[in-house]
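Protein chains in written order, with the working numbering: chain A, 110 to 377; chain B, 110 to 377; chain C, 110 to 377; chain D, 110 to 377.
Simulated from the structure, these hints should not be mistaken for laboratory data. You can take every hint at face value.
Heads up, simulated DSBU-like pairs for lysine-lysine below, C-alpha to C-alpha not over 30 Å straight-line:
{"#": "1", "chain 1": "B", "residue 1": "K164", "chain 2": "A", "residue 2": "K164"}
{"#": "2", "chain 1": "C", "residue 1": "K268", "chain 2": "C", "residue 2": "K307"}
{"#": "3", "chain 1": "D", "residue 1": "K307", "chain 2": "D", "residue 2": "K268"}
{"#": "4", "chain 1": "D", "residue 1": "K164", "chain 2": "C", "residue 2": "K164"}
Listed below are the residues making up each chain.
There are 4 protein chains.
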Amino acid sequence: MADHEWVGRGYDTALGASDPTTITLLGANLAEDVMGEVGFGELAFWLATQRRPSKGETRVFEAVLAALADHGFTPTAIVTRLTYLSAPDSVQGALAAGLLGGGSRFLGVTEDTGRFLHDQLPDEPPSDEAGWDALALEVVAAQRAAGRFVPGLGHHVHKGGDPRTPRLMAIAREEGVFGPHLALFSAIGRVHPQVLGKTLPLNGAGVCGAALADLGLPLPLLRGFALLARTAGLIGQLAEELRSPVGNEIFLSVDRNARPVPPQPWAG
Amino acid sequence: MADHEWVGRGYDTALGASDPTTITLLGANLAEDVMGEVGFGELAFWLATQRRPSKGETRVFEAVLAALADHGFTPTAIVTRLTYLSAPDSVQGALAAGLLGGGSRFLGVTEDTGRFLHDQLPDEPPSDEAGWDALALEVVAAQRAAGRFVPGLGHHVHKGGDPRTPRLMAIAREEGVFGPHLALFSAIGRVHPQVLGKTLPLNGAGVCGAALADLGLPLPLLRGFALLARTAGLIGQLAEELRSPVGNEIFLSVDRNARPVPPQPWAG
Amino acid sequence: MADHEWVGRGYDTALGASDPTTITLLGANLAEDVMGEVGFGELAFWLATQRRPSKGETRVFEAVLAALADHGFTPTAIVTRLTYLSAPDSVQGALAAGLLGGGSRFLGVTEDTGRFLHDQLPDEPPSDEAGWDALALEVVAAQRAAGRFVPGLGHHVHKGGDPRTPRLMAIAREEGVFGPHLALFSAIGRVHPQVLGKTLPLNGAGVCGAALADLGLPLPLLRGFALLARTAGLIGQLAEELRSPVGNEIFLSVDRNARPVPPQPWAG
Amino acid sequence: MADHEWVGRGYDTALGASDPTTITLLGANLAEDVMGEVGFGELAFWLATQRRPSKGETRVFEAVLAALADHGFTPTAIVTRLTYLSAPDSVQGALAAGLLGGGSRFLGVTEDTGRFLHDQLPDEPPSDEAGWDALALEVVAAQRAAGRFVPGLGHHVHKGGDPRTPRLMAIAREEGVFGPHLALFSAIGRVHPQVLGKTLPLNGAGVCGAALADLGLPLPLLRGFALLARTAGLIGQLAEELRSPVGNEIFLSVDRNARPVPPQPWAG
Chain A
110 MADHEWVGRG
120 YDTALGASDP
130 TTITLLGANL
140 AEDVMGEVGF
150 GELAFWLATQ
160 RRPSKGETRV
170 FEAVLAALAD
180 HGFTPTAIVT
190 RLTYLSAPDS
200 VQGALAAGLL
210 GGGSRFLGVT
220 EDTGRFLHDQ
230 LPDEPPSDEA
240 GWDALALEVV
250 AAQRAAGRFV
260 PGLGHHVHKG
270 GDPRTPRLMA
280 IAREEGVFGP
290 HLALFSAIGR
300 VHPQVLGKTL
310 PLNGAGVCGA
320 ALADLGLPLP
330 LLRGFALLAR
340 TAGLIGQLAE
350 ELRSPVGNEI
360 FLSVDRNARP
370 VPPQPWAG
Chain B
110 MADHEWVGRG
120 YDTALGASDP
130 TTITLLGANL
140 AEDVMGEVGF
150 GELAFWLATQ
160 RRPSKGETRV
170 FEAVLAALAD
180 HGFTPTAIVT
190 RLTYLSAPDS
200 VQGALAAGLL
210 GGGSRFLGVT
220 EDTGRFLHDQ
230 LPDEPPSDEA
240 GWDALALEVV
250 AAQRAAGRFV
260 PGLGHHVHKG
270 GDPRTPRLMA
280 IAREEGVFGP
290 HLALFSAIGR
300 VHPQVLGKTL
310 PLNGAGVCGA
320 ALADLGLPLP
330 LLRGFALLAR
340 TAGLIGQLAE
350 ELRSPVGNEI
360 FLSVDRNARP
370 VPPQPWAG
Chain C
110 MADHEWVGRG
120 YDTALGASDP
130 TTITLLGANL
140 AEDVMGEVGF
150 GELAFWLATQ
160 RRPSKGETRV
170 FEAVLAALAD
180 HGFTPTAIVT
190 RLTYLSAPDS
200 VQGALAAGLL
210 GGGSRFLGVT
220 EDTGRFLHDQ
230 LPDEPPSDEA
240 GWDALALEVV
250 AAQRAAGRFV
260 PGLGHHVHKG
270 GDPRTPRLMA
280 IAREEGVFGP
290 HLALFSAIGR
300 VHPQVLGKTL
310 PLNGAGVCGA
320 ALADLGLPLP
330 LLRGFALLAR
340 TAGLIGQLAE
350 ELRSPVGNEI
360 FLSVDRNARP
370 VPPQPWAG
Chain D
110 MADHEWVGRG
120 YDTALGASDP
130 TTITLLGANL
140 AEDVMGEVGF
150 GELAFWLATQ
160 RRPSKGETRV
170 FEAVLAALAD
180 HGFTPTAIVT
190 RLTYLSAPDS
200 VQGALAAGLL
210 GGGSRFLGVT
220 EDTGRFLHDQ
230 LPDEPPSDEA
240 GWDALALEVV
250 AAQRAAGRFV
260 PGLGHHVHKG
270 GDPRTPRLMA
280 IAREEGVFGP
290 HLALFSAIGR
300 VHPQVLGKTL
310 PLNGAGVCGA
320 ALADLGLPLP
330 LLRGFALLAR
340 TAGLIGQLAE
350 ELRSPVGNEI
360 FLSVDRNARP
370 VPPQPWAG
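If we strip away everything but chain A, and leave its shape as in the complex, we get (with noise of 0.2 Å):
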């Protein structure tokens, strides 16, 4: 021991710890109460929060995961399939290929919206929708002043309105998890118009981020709960093109049509 420093004093964790004969997982005995018990949207909202949530709290949260989990063919869903085509000696290459465009333009909204609305939130909330719409107001002239736009508002397909937005507001109500941000980010759909002078809708995937922020998930995460999303719907899109595979196909369009021109110096 003398010819080393040792600097830690032991890393805390309460996550999987096993022992010869038990396996426990945040607290609890994983063979006997949690495996058979807790459902995977359950247990994926316990690990990241350390709290096992209610049942109408994991339903909200299982809806945010249906909402995100596949768009078609994304770029994401085009890199997984792509990265497999060229590697498929590795699945865990894929798929995580196909994360890594998980940032800021696709899937960033949902935590952009979030974290947004809990920005605004005044530490005393609206108590009427009157209220509400008087902050979001507020709210959306400020980003409008600053030549910001709003996270969540708009949509390029759907413009008149996306329907996961009031399905999920919808399920948040009926399970009274419906909190502050969803609160404000309905108001800011009464309202942008008077500021914006045109009605945009709500979309997916910041409601998603709203519904999220209400759970009391992990802000700087939540872009996490897309990804974690995003992981099944790419396993559907790996599943899809091992039977009716397209990567070549993309792969060919492209190569076949490129097109050669002159290098052009970088001009800074």
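Using the hints provided, position chains B, C and D relative to the given structure of chain A.
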């Protein structure tokens, strides 16, 4: 259109699709019939197989996911924490890095076992325990003769028995989905001491592979389900790292104990 | 062609192209004029800027890559070794995992410094050292007033001076490519004690960013060059791990020092 | 120290190390003896083998890297561009995603060929061309008898000959590092028509693997050098995408040509 060549004929998919008013997933209306109605484990199964599982199948599947979600400070967990330490701006990178450890050694047993059992099943499976035992005896003897291990047999900690194994078998029986893969795996557990001269546990990763195979999930993607489970676990690791960080201490415990040695040329 | 919609008009590229007898890269004949004629650093520069660098530019660029290639047991090095331990079947996964740590904290200084310096440069740069010092004084004072750090200033080990910094500046001078970014960075080194009241070193990652910016490399991709350098370093880490493995010991040093604690619910 | 268990005895490394005044790499003084003195290809070789290559070895190595750096719109290039489209905040994610395609199919030939040739070499290699031809004949015949391809033989575009192959062989001869792997590969090129009844080209990826093996680079990491080369190529792809973006158009060309089909349950 004259200056390019189109090689495709359209890209078939049964996964996500949308038009201005409706979003469909697997042919179902996402907002009406999936959100709030379908649990996340159920949805992941559905996405992977394009058939909706029964309640019993879902329970077994979710028990498998629970069994594989987190095992404490595995290399993948450490990798996710260290990557987040290094690049806190990219949650997707931290999760992807962790999943990349889901290869042959640490997460591969699930897939190896499922595939191995599948390859051993005769066209006409045995009809009673004695039949399964006879088959298992052949299988284990053949592996031994070839100098190969039996996937799913043995565990470095749970030497006297992995608690997940009997539990998952019991759940599968309760739900009526104890099929030939689990039957053969179970028989291997009974007969291998006759061949190997010692008693090894049927490990949890292996029984999960057997159960996933019995559920009819795609064999080439069994590793993918371990990765899905692990994604939830890694989010848990990140959430814990946010509150109770150990990444920097792990890094320092390595860095400060580095011992410079002279270069040692590669000798082939 | 009737059943699909083509949206593209061909994909322009000046990079690799081939026909049955010839391969071109950046408009040059790959086999005849690139292979055996162009060094790897030179080629990387050429690929990034689409202009072939001079010998002097190449020397400075390669000095930067050498400065950033490997820093021992960094988080990225540990991540690559642990991922290889877990998934030895996938060298690409081990390298990719390591690169994913190349984010804001550990590899980001290079890009941050290059961009920061660039943003501070006036249309008409100073013509003598006194002019640069005056500009640097403004820049440091403004950062201080805003409560922000000056990127590239300070180092936790090389408190008295990072040996890479004067060396890279000397090489850049020798090669006649000591430009405005290095001039400003150098001036910051001279004047910051007047503002901050203490003397900090100009660190190696920062001077590399300044040099890359002076070379006219794409600012949005400066981090990419740190990653290129690091790829070579990570291959070195893997090659050493093959002969003198430490990954498993690192894993065990964490796993065996895990200390189970009760779950601590996320409080927001 | 009483509450934990230390399992290590220090982590040996000959790679990067530093103290307050000096940084060493591979036992050399980084600032004085590496920066400005060692090219990037040379350094990558040195890092991988822990021995400094000769000028001739470096030239062959860099010719290999040039041969493998970029092949236009490969799946890996498309993946990097799409990932950047989706997550422009993370250059490291875009590069890592591209590298994850560096698996068995598209980048694996280099490693496969190097390893394959190595496995065929007898303890006492032939001393003349006739001897190599006889060995090659055996090797090709054995592969054929086993129903296996000869790695490195054949190319879907360069059917009449890959221009990189004779060029790399010529460079290796010029530099005096044309060793047994290239000798056997070359002989396979001469004799295979006698066995296969048709003439196939020795491809560029294959000759690169042979050359890397002759240089004494680590066989288990040959794929790593293809990935290093490709990292430079992918930075080129990103730099071009910044100026002349095609990612969104590729995405749309897939998305708009999606053709919804009914779910097709997995049949095993």
